[in-house]
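K.L.:
Based on the sequences and whatever the hints tell you, model everything.
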Amino acid sequence: MTKRILAIDDSRTIRSLLTQTLQKAGFEVSTAVDGVDGIEKFQHEDADLVITDVNMPNKDGFGVIADIRGGTRNRTVPVLVLTTESGAALKERARQAGATGWIVKPFDDEALVAVIRRLTGAV
1 MTKRILAIDD SRTIRSLLTQ TLQKAGFEVS TAVDGVDGIE KFQHEDADLV
51 ITDVNMPNKD GFGVIADIRG GTRNRTVPVL VLTTESGAAL KERARQAGAT
101 GWIVKPFDDE ALVAVIRRLT GAV
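Per the working numbering, numbering of the sequence shown is gapless, rising by one per residue and ending at 123.
I should point out that these hints are in silico values taken from the structure, not numbers from a laboratory.
C-beta: ideal position from N, C-alpha, C; glycine also.
One should not assume that every hint holds.
[Claimed, not checked] The calculated lysine to any residue pairs, modelled on SDA-like cross-linking and capped at a C-alpha distance of 25 Å, are:
1. K3 with A88
2. K3 with V104
3. K59 with H44
4. K24 with K41
5. K91 with L119
6. K105 with M1
7. K41 with S11
8. K24 with T120
9. K41 with I103
10. K41 with T100
11. K24 with A122
12. K41 with V77
13. K59 with G101
14. K91 with R69
15. K41 with G101
16. K24 with L112
17. K59 with G71
18. K41 with V29
19. K3 with D46
[What the hints assert, rightly or not] Here are the in silico distance ranges between beta carbons for each label pair:
20. M1 with E40: 20 to 28 Å
21. G70 with Q20: 28 to 36 Å
22. N74 with I103: 17 to 25 Å
23. E28 with G87: 30 to 38 Å
24. R12 with E92: 26 to 34 Å
25. N58 with T84: 14 to 22 Å
26. M1 with H44: 17 to 25 Å
27. R118 with D46: 13 to 21 Å
28. E110 with Q43: 25 to 33 Å
P.N.:
Put into structure tokens, the structure is as follows:
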């Protein structure tokens with residue numbers, strides 16, 4: 001069964017890179033342009049994993065994580081934070097909000113795919 005990934009990032013380039021990388025690895029990918037769009041799509045899709053940026057307009061990644069964890073739909077889905085930020089305080093804030101992991105941009109394709117496979121149980 002194909003695993004579904006929801007990628008939320010305000011950068012068209014990052015959304016495109018994630019889509020290419022993950023589709024090539026056999027995942028089904030949908031994208032959202034910001035946190036508000038991402039939460040809306042999350043409500044209507046059965047994502048097996050969510051990737052979110054931190055710094056986005058309308059709703060940041062912390063808001064996305066809080067909405068997912070505080071909602072009633074698929075609350076335990078793994079959430080990976082993909083961002084240019086690498087500060088320990090931000091990582092801790094994400095962990096406290098309920099993030100599953102933290103990946104710094106630019107990402108390594110193979111490492112990202114390996115983490116997603118492990119978290120989703122995809123072989």
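K.L.:
Would you mind marking each hint as holding or not holding in the structure?
P.N.:
Each hint tested on the structure:
Of the supplied pair hints, the one linking K3 and A88 is violated, its CA atoms being roughly 30 Å apart against a limit of 25 Å. As the CA atoms of K3 and V104 are separated by approximately 23 Å, the hinted pair is consistent with the 25 Å bound. Between K59 and H44 the CA atoms are separated by roughly 18 Å; this keeps the pair inside 25 Å, and the hint holds. Straight-line distance between C-alpha atoms of K24 and K41 comes to about 22 Å, which keeps the hinted pair within the 25 Å bound.
Note on K91 and L119: the hinted pairing holds, with a Cα-Cα distance of about 18 Å set against a maximum of 25 Å. This hinted pair does not check out: K105 and M1 have alpha carbons roughly 29 Å apart, beyond 25 Å. Distance check on the hinted pair: K41 and S11 sit about 17 Å apart at the alpha-carbon level, within 25 Å; holds. About 16 Å separates the Cα atoms of K24 and T120, which keeps this hinted pair within 25 Å; it holds.
A distance of roughly 22 Å separates the Cα atoms of K41 and I103; the hinted pair therefore holds under the 25 Å criterion. Taking the CA atoms of K41 and T100, the gap is near 20 Å; set against the 25 Å cutoff, the hint holds. Restraint check for K24 and A122: the C-alpha separation of about 14 Å stays at or below 25 Å, so the hint holds. Of the pairs offered as hints, the one joining K41 and V77 holds, with about 14 Å between alpha carbons and a cut-off of 25 Å not exceeded.
Restraint check for K59 and G101: the C-alpha separation of about 19 Å stays at or below 25 Å, so the hint holds. Of the pairs offered as hints, the one joining K91 and R69 holds, with about 17 Å between alpha carbons and a cut-off of 25 Å not exceeded. Taking the CA atoms of K41 and G101, the gap is about 21 Å. The hint holds against a cut of 25 Å. Distance check on the hinted pair: K24 and L112 sit about 12 Å apart at the alpha-carbon level, within 25 Å; holds.
Proposed proximity of K59 and G71 is supported: the alpha carbons are some 16 Å apart, at most 25 Å. Taking the CA atoms of K41 and V29, the gap is near 12 Å; set against the 25 Å cutoff, the hint holds. Between the alpha carbons of K3 and D46 the distance comes to roughly 9 Å, so the proposed pair stays at or under 25 Å and holds. Judged by the Cβ atoms, the range 20 to 28 Å given for M1 and E40 holds: they are separated by roughly 25 Å.
Checked against the hint of 28 to 36 Å, the C-beta distance between G70 and Q20 comes to roughly 32 Å, which is consistent with it. Distance hint check: the CB atoms of N74 and I103 are about 21 Å apart, consistent with the given range 17 to 25 Å. For the pair E28 and G87, the beta carbons lie near 32 Å from each other, so the given range of 30 to 38 Å is met. Take R12 and E92: their Cβ atoms lie about 30 Å apart, and the range 26 to 34 Å holds.
About 19 Å separates the C-beta atoms of N58 and T84, a value consistent with the hinted range of 14 to 22 Å. Judged by the Cβ atoms, the range 17 to 25 Å given for M1 and H44 holds: they are separated by roughly 19 Å. The given range of 13 to 21 Å is respected by R118 and D46, whose C-beta atoms sit roughly 19 Å from each other. Against the hinted window of 25 to 33 Å, the Cβ-Cβ separation of E110 and Q43 comes to about 32 Å, which satisfies the hint.
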